[in-house]
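As given, the protein sequences belong to chains A and B, one line each in that order.
Following UniProt numbering, the numbering of the first sequence begins with 1 at its first residue and continues without gaps.
Following UniProt numbering, the numbering of the second sequence begins with 1 at its first residue and continues without gaps.
These are calculated hints, taken from the structure and not from any lab test.
There could be a bad hint or two in this list.
Derived coverage of chain A by chain B (criterion: at least 3 residues anywhere in the stretch with Cβ under 8 Å from a Cβ of chain B; other residues may be distant) [unchecked claim]:
#1 107–121
#2 208–221
#3 235–242
Partial list, derived from the structure: chain A residues whose beta carbon lies under 7 Å from chain B [as the list claims (entries may be wrong)]:
#4 66
#5 67
#6 160
#7 176
#8 177
#9 204
#10 273
#11 274
#12 279
#13 281
#14 297
Cut-off 25 Å, straight-line C-alpha distance, at most; resulting in silico cross-link-like pairs (DMTMM-like, lysine to aspartate or glutamate) [stated by the list, open to error]:
#15 170(A) - 294(B)
#16 170(A) - 31(B)
#17 170(A) - 27(B)
Think of the CB as a built atom: it goes at the ideal place given N, C-alpha and C, for glycine as much as any other residue.
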Amino acid sequence: MSAPQPTPPPAPAARPPVDGEAPVLQAVRMQKHFPVRGFRSHDVVHAVDDVDIDLYRGRVVALVGESGSGKSTIARLLAQLMPVTGGQILLHGEDASVKGRRAFRKYVSRVQMIFQDPFGSLNPIHTVRYMLTRSLRIHRGRLRGTEMEAALEELLTRVQLTPPSRYIDKFPHELSGGQRQRVAIARALAAEPEVLLADEPISMLDVSIRLGILNLLRDLRDRLHIAILYITHDIASARYFADRTMVMYAGRVVESGDSESVTQDPKHPYTQLLVRSAPDPDDLDARARGARGEAPSLVRPPTGCRFNPRCPFATDLCRTETPPLLAVGEGRQAACWGYSDRADRPVLGSVLDAYGERPSADDELLRAVAAAPTKEDDR
Amino acid sequence: MSALPEPRGSARPAHDPVLEIKNLSVDYGYDDPTHVLRQISLTLNRGEVLGLAGESGCGKSTLAYAATRLLPPPGLITGGEVIFTDRDGGKSDILALNDKDLRASRWQDMAIVFQGAMNSLNPVFRIGRQIADAITAHEPATTKKDALARAADLLDLVGINPDRARDFPHQLSGGMRQRVMIAMALALDPQVLIMDEPTTALDVVMQRQIVEQIADLRDRLGFSVIFITHDVSLLIEIADRIAIMYAGEIVEDAVAQDVYRRPRHPYSDGLLHSFPPLRGARRELGGIPGSPPDMANLPTGCPFRDRCAFAFDACAHITPELVTPAVPGDDPRRSVACLRHDPARVAAGGFAPVPVPDQLALR
Ligand SMILES: Nc1ncnc2c1ncn2[C@@H]1O[C@H](COP(=O)(O)OP(=O)(O)OP(=O)(O)O)[C@@H](O)[C@H]1O
Ligand SMILES: Nc1ncnc2c1ncn2[C@@H]1O[C@H](COP(=O)(O)OP(=O)(O)OP(=O)(O)O)[C@@H](O)[C@H]1O
Ligand code: SF4
Ligand SMILES: [Mg+2]
Ligand SMILES: [Mg+2]
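Bound conformation, chain A alone (with noise of 0.2 Å):
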């Protein structure tokens, strides 16, 4: 670290437990630093920082929020494919890090992820047959040739693989992009596991199809009470979909709460950035256009609010202090000064209107891509 960021001061009060339940699975204070390659470089990247997370049993959390804050990176770290730089991980209120082959097996049929990237998870030398199978033998034990042979094709066909004669034999390489998709949702849920953690699970697919799962996953949640983390860009479906939802930026939660009022109602600069970025054909007017800034620099991050560079409402406090979550409404937190009763708090306005112009690309942009600016004569 090149230079240490104020500790913020603990949020103010514990989330509520659902019905006095304990979560299944929980983070507290996580924390993934990255070194940066380089002679004698001390920089790290700050992927994940300060992240507090619960996932309770028949719920589901969304996390939303910027390419590139972090969201992979949780769940990996939840997930125990790489240790955490700091905080701790808790399955059912124990410490959960596993050390050895076997202890990760355990924890791997108890918790099971979905990779963002299908086109890079599915091993290409394997049939989806052969992939669906080891993952049934391994948390369901030995099926029987007929036994297997049912599993195999309810798995398919719940993920509408359909016909699965059509699919059982294939290699990746083989199907659609869409189609690797739901091999590795199968594949998660041969599992059945307590966990769920779908990284961008339907991101490929089309919006009838996208339903069919997300009702899959919703009422696997209700029979057998999943607990499910789900990473997405699509906020509606999060809206429709999530009981909570988790705003990243830069590698920090800035909100939280429930799914409508976070959606309908988004508190932090950022989330409102978001909300109003979302495509409505319905409503092509009131969006937050042109809303370009800087890249921020997970290796040297903003000191403060790490969105202070791009928001149009920050001030010194923003560019010095970083602001805690902060309760803004029943179960509803949101890290931004605005909402503090600092005396030199920033006064909160209209993110559409502070973003309504739509600037055009320039020139040197333009240079960027094209070396001569003419290219009419250029052969």
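Starting from the known structure of chain A, fit chain B with the ligands onto it as the hints suggest.
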């Protein structure tokens, strides 16, 4: 109004094709081939953003590969042509050229961002260098230093802080890798840019920023874009025209707002109106009942008929073809493949025509 600046529809010549796909057919497999694309015809005009949407597995990526001659085996183009018109008016059939002529043609001025692009960067090279290499390969006169500087600008254009230029691909998030691929495609200064689900891992702020930049560059440099996505709300906003595919065929092709507000095919209607709304009242959503047909074993007649609320007896026997919709006052350039709109074919096949239902005749 829209994300794109003025030159839409009217300002642009109606028919100035860059790429004309004619009756393109593709099979997968040799012994018992699956006819994945059947007689696809589609035209991309100069300076136009053409959207392509359709259910998962209907053949969108296959179309992108076949039209650029990048289809890997066991894919086989069994018929059709792809006519590319250069800026100076010279025409060539990409599928008929031999390798030497292909290299010489300006067809190279096509860039494609593959689906799953986040997985197709070279893992052993730093991303800044990969973009710079693409630039120098395309313009050998550029110095390495200039190429690296342009790579940094391009990274900034797609919202990646240039301090990450020395990162390796595995050090980037999914969406960041996607953006590197977009930057690389733009570096080639293409005449035609094909983007296959380029923004699946991008948040909507970033997505909007990139799409606006591409639209702007499109207007100033005059390239055309084929944009494949499942995000229909995005497509309606950014595309000039949208083609809807179902089971390996184009079933509707019209101006974006027409497809959304006045769909003529029952599948387009279902596809465009089943996404959950972000604003307003929550409603329960059904999606489109049933599942897509098995392409290896297509039923006779219309491939959508099992799921269609408007199917009638002729649909099981006659295969619909693209025609102008049978709705008075419709844009004559739009087309739809549904027998409700083709009474002549229905009558010729010996069936009684059935009128267009109100739902598919909105004005
Ligand atoms: N192995 C690694 N080494 C260095 N940096 C990494 C590594 N993995 C991730 N990062 C960095 O950590 C940050 C968070 O990445 P992460 O993949 O979690 O983002 P994300 O929120 O999932 O983004 P997206 O929506 O684009 O997938 C990014 O800046 C990324 O470059
Ligand atoms: N190498 C192959 N061998 C056999 N079948 C294949 C092969 N590649 C693709 N297919 C099949 O061809 C059909 C079309 O695939 P394509 O990738 O073009 O679909 P798509 O429309 O891009 O779908 P998605 O939206 O899911 O990416 C799919 O049903 C797929 O299973
Ligand atoms: S042709 Fe028939 S089955 Fe096909 S979409 Fe039209 S009405 Fe429905
Ligand atoms: Mg990710
Ligand atoms: Mg595809």
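These are the hints, each one checked on the structure:
1. 107–121: The restraint on the stretch 107–121 of chain A holds, since 5 of its residues have a Cβ under 8 Å from chain B and three suffice.
2. 208–221: With 5 residues close enough to chain B, the hint holds.
3. 235–242: Check passed, 5 qualifying residues.
4. 66: 5 Å, holds
5. 67: Holds, because the Cβ-Cβ distance from residue 67(A) to chain B comes to roughly 3 Å (cut-off 7 Å).
6. 160: 6 Å, holds
7. 176: 5 Å, holds
8. 177: 5 Å, holds
9. 204: For residue 204(A), the interface hint holds, since the closest Cβ of chain B sits about 6 Å away, which is under 7 Å.
10. 273: Interface hint status for residue 273(A): holds (6 Å vs cutoff 7 Å).
11. 274: 6 Å, holds
12. 279: Holds, because the Cβ-Cβ distance from residue 279(A) to chain B comes to roughly 4 Å (cut-off 7 Å).
13. 281: Where the cut-off is 7 Å and the nearest Cβ of chain B is about 4 Å from residue 281(A), the hint holds.
14. 297: At 5 Å from the nearest chain B Cβ, residue 297(A) passes the 7 Å test, so the hint holds.
15. 170(A) - 294(B): At roughly 15 Å apart (the allowed maximum being 25 Å), residue 294(B) and residue 170(A) satisfy the hint.
16. 170(A) - 31(B): 16 Å, holds
17. 170(A) - 27(B): Cα-Cα ~16 Å, so holds.
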